[in-house]
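K.L.:
Heads up: the protein sequence lines correspond to chains A and B, in order. For the first sequence, position 357 matches number 357 in the working numbering, and the numbering has no gaps at all. Just add 374 to the spot in the second sequence (first one is 1) and you have the working numbering.
Since the hints were derived computationally from the structure, they do not count as laboratory data. Some hints here could point you the wrong way.
A few chain B residues that don't get close to chain A, going by computed Cβ distances all over 10 Å [stated by the list, open to error]: (1) Y417; (2) P569; (3) S577; (4) D600; (5) L609; (6) I610; (7) G670; (8) W686; (9) G714.
The following label-pair restraints were derived from C-beta to C-beta distances [what the hints assert, rightly or not]: (10) R514/B with G321/A: 52 to 62 Å; (11) E159/A with L560/B: 31 to 41 Å; (12) K3/A with E533/B: 51 to 61 Å.
Please read all numbers here as calculations on a predicted model, not as lab measurements. Idealized CB from N, CA, C, for every residue including glycine.
Letter by letter, the chains look like this.
There are 2 protein chains.
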Amino acid sequence: MDKEFGGYFTSLDRDGSVYDYTKYMWMQWRIVYMFSELHLSEYSRPGWLDIAERGFDFLYKHGRDETGHYYFALNRKGEPSIAAYNIFSDCFAAMGSAALYKATGTDRYRRAAEDAMNGYLARIDNPKAQWEKSLAGRQRFLSLGHYMMLANLGVIMDECLDADRYRSDLDSAISIVLDRFWNPELGLMFENVLPNGGFDLESCEGRMLNPGHVLEAMWFILNYFDRNGGDPHNLIKVAKIIKAALKTGWDTEHGGLFYFMDAQNKPHLELQWDMKLWWPQCEALIACLYAFKMTGDREFYDWFVKFNEWTWNHFRDPEFGEWYGYLNRQGAPTHSLKGGKWKTFFHLPRCLLMSVRLMQDIKNALTTTEFGEI
Amino acid sequence: MDKEFGGYFTSLDRDGSVYDYTKYMWMQWRIVYMFSELHLSEYSRPGWLDIAERGFDFLYKHGRDETGHYYFALNRKGEPSIAAYNIFSDCFAAMGSAALYKATGTDRYRRAAEDAMNGYLARIDNPKAQWEKSLAGRQRFLSLGHYMMLANLGVIMDECLDADRYRSDLDSAISIVLDRFWNPELGLMFENVLPNGGFDLESCEGRMLNPGHVLEAMWFILNYFDRNGGDPHNLIKVAKIIKAALKTGWDTEHGGLFYFMDAQNKPHLELQWDMKLWWPQCEALIACLYAFKMTGDREFYDWFVKFNEWTWNHFRDPEFGEWYGYLNRQGAPTHSLKGGKWKTFFHLPRCLLMSVRLMQDIKNALTTTEFGEI
C-alpha cells in the first residue's frame, strides 16, 4: 500500500523493494478484487477489507477520464499518466468493485461496478477507440480475450451483485467462445477468428494460439456450468478443448506451458513466445482441477500433478516468498521481479484459493476408496 | 519481390517461404535503400536497381495517407492496413528515396525523399500524433532513437542529395546525443533522458539502456566526423561511449550483446531483454571497426574479433543462408525466421558492406608492419 498517496505499489523486486511508482490500473483493481475475495474467504484476516476499500477510494477518485472510462495508468500521486486506451481497465474496475460490494453490501461499490461493466460493454465493438491503428485493409478478427473476459465478468456480476441482467451477454459470450474459436478439424482453439466464421491460416494473427487464455476461458465456463448447470454436450466439449490446450501448450522438452504458439509451427511475431509465464500455469492448474471435479476424468488429475510439480519447482522463490513471473523456456528466471506492469497479487492467489476449494469439493465427492487411489 | 501486386515479402521463414503477407513500411523502404546502395557498390549486379525502383513505385503509389505520412503497413494488395502512427515509416521512406536518387539522379526520387524527410521533421516533437497515450501525469523523456535517426538521416540526405539544408538539424541532433544522453558519472548512455536535462533513476523508462542503439548512434556520428571532420574532443568522447556500451552490453556469461538493460540492474519491463538479436550485434561490428579506423585504438579491434566470432558462430544458418534474427540468452535460435515484421534485408547487408569498406580503409592506412600485427 502507498500510505502517502493511496493505491498500491505493484512494481516490486524480488525482496519487495519498489522499482517503479507507476500505478497501472489493471494491477490496482486486481488487488482490490483479490483482497475483497480473501476477506470473504475462510482465510480472512483483519485489515484485508480495509486494504481493498482504501484502494477503491483512491482509484474511484482519480481513476476515470471525462467519459467515465478508467485510465490505463496513474502516476504515484494519482494524476492521469496513460490514457484509457484499453478496455480491460474498465473490466478489472468492474471485477474489483463487484467483489467489494459482495464483501460489504455498500451501495456505492455496486454502482461503481455497474458503471464500469456498462463502460466495458459499450466499448467491446470498438475497444481501442481513437487509439485504433487498424485500417480497412487489415483483416479484422474476433479476439478470444474479449469474449473470455466477458464470460468471466458475467459470472462475477451474477455472483457478486446477484444480478441476472448480464446473463444474456454471458450466454452469448460462452456460445461464441465454444462455437467460433474452436476448430474441430485441427483440434485447436484459436486466439483470433474471422468475424463471419472460419479461420485465417495465411497470417500470423490468424494462426496465433494462446494456450493460457484457452485454459482460463474454459475454467470460467466450467465455473458457470458448476453454478448454473449446463448442457452435458458442452461439458464434454469443454473437457476436449482443455485436453487439446494442455497437450498442444505443454513443452515436452523443458516442461511448462508455452506463452504463445503458431497453429502451423510457423514463426511467431512475439519474441517471448517460448517463455514460461506464471499466469498460464496458474490457469492450467485451475482448469485441470475444475475439469477433474466436473468430469471425474483421471487424465485431468494427472495433468494437475504434472503442472503442480513443475510450477513449484521452477517459479517458487524459497528465500523471499512468492513466485517469479518470468522464466525462460528452460525454466530459469529471467526477471527477479515479483510484481510489475502485468504481474501483481492476482493470478497466483486466485489460483491457490480456487485450487484449495476445488480439492475440497473433489475430496467430498469421492468415496473413501476413490480418494485412496489418488 | 511480390511480382503479382508489387512491393516485397518480408515475412520469410528459414527456407525463404512466405508466412505472412503484410507489407510493413519500415521493412519495404529498407529494401529500397539497401538495393540502391548495393547497386552503387562494387558488388552491383544487374537487376538490383530495378528491384529498388519497382518497390518505390508500389510504396509511393500506395504508401501515404491523406496528410502525406507513410502508413505503418499495407496489406498484400497495397491497401492501407495499419495507420501512420509511427514516424519511422517517414524516416525509412526518406532514406530509401534518397538512396534511389543517388543511384539514378531521377528527380521524383529526390522530391519523395525531401517530402518524407520534412514529414519526419514536422512530427518529431509529437511523433505519435492522435495515437499518443501519454497524459500530463506521465514523465516526458527525450528518446535516443529519435535523435539517433535524425543524425543518420542528416548524413544520408547530405550524402545522397548533396543538400546541406538539413545540416543544422544534424549538428543539433549530434550535440543532443553526445551532451544529453551520456551520463559521465555512471559511464552510461541512456535511452530516455529528462527534457530539461538529467536522468530519472526512479522509473523503468528512465533507467532503460539499449546498447545496440548506442553503438548505432555512435557509428552514425563517426561516419559524419569521417566525412566532415569533427572536434577531436568529440571523437575521444565517442570512443569512450563505445567502449562503455560494449563493456556494459556484452554478456560475459554467454556472449553477445543484450537487447535491453536497466542502469541499476533492476527488473526490465520487456520480457525479451536478455535475448540476443541480430541487429545490435551488426551495429556493434560496425562501431568497433569504425572506432578502430578513426582512433587506431587496438581495443576496438579486439572487440571486433570477439563479436565477429560470436555472431558467425551463432547467427549463421549454414543450410539455408542468411542469419537467424533471434537467439535466446544462451545463443540458440528461438525463431526460424529470416525476415518478419522487424527484420529484413537491411542490418546484416549494411553491416557487411560497411565492414568490408572499413577494413579496406584500415588496411590502406596501416603500414605493412602494423598490418602484420593484426
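K.L.:
For every hint, state whether the structure bears it out.
P.N.:
Verification of the supplied hints:
1. Annotated as non-interface, Y417/B keeps its C-beta farther than 10 Å from every C-beta of chain A; the closest such distance is 29 Å.
2. For P569/B, the shortest C-beta to C-beta distance to chain A comes to about 16 Å, beyond the 10 Å cut-off, and the non-interface label holds.
3. Non-interface call for S577/B relative to chain A: violated, since the shortest CB-CB distance, roughly 5 Å, does not exceed 10 Å.
4. A cut-off of 10 Å between C-beta atoms confirms that D600/B is not in contact with chain A; the least separation is 34 Å.
5. With a minimum CB-CB distance of about 35 Å to chain A, L609/B clears the 10 Å threshold, and the non-interface call stands.
6. The claim that I610/B is not at the interface with chain A holds, since no C-beta of that chain comes within 10 Å of its own (minimum 34 Å).
7. No Cβ of chain A comes within 10 Å of the Cβ of G670/B; the nearest lies about 38 Å off, and the non-interface call holds.
8. Listed as a non-interface residue, W686/B keeps its Cβ farther than 10 Å from every Cβ of chain A; the least gap is roughly 22 Å.
9. Residue placement check: G714/B does not keep its beta carbon more than 10 Å from all beta carbons of chain A (closest about 6 Å).
10. Range check, R514/B to G321/A: Cβ separation about 37 Å, and the 52 to 62 Å hint is violated.
11. About 52 Å separates the C-beta atoms of E159/A and L560/B, a value inconsistent with the hinted range of 31 to 41 Å.
12. K3/A and E533/B have their C-beta atoms about 58 Å apart, which keeps the hinted 51 to 61 Å range intact.
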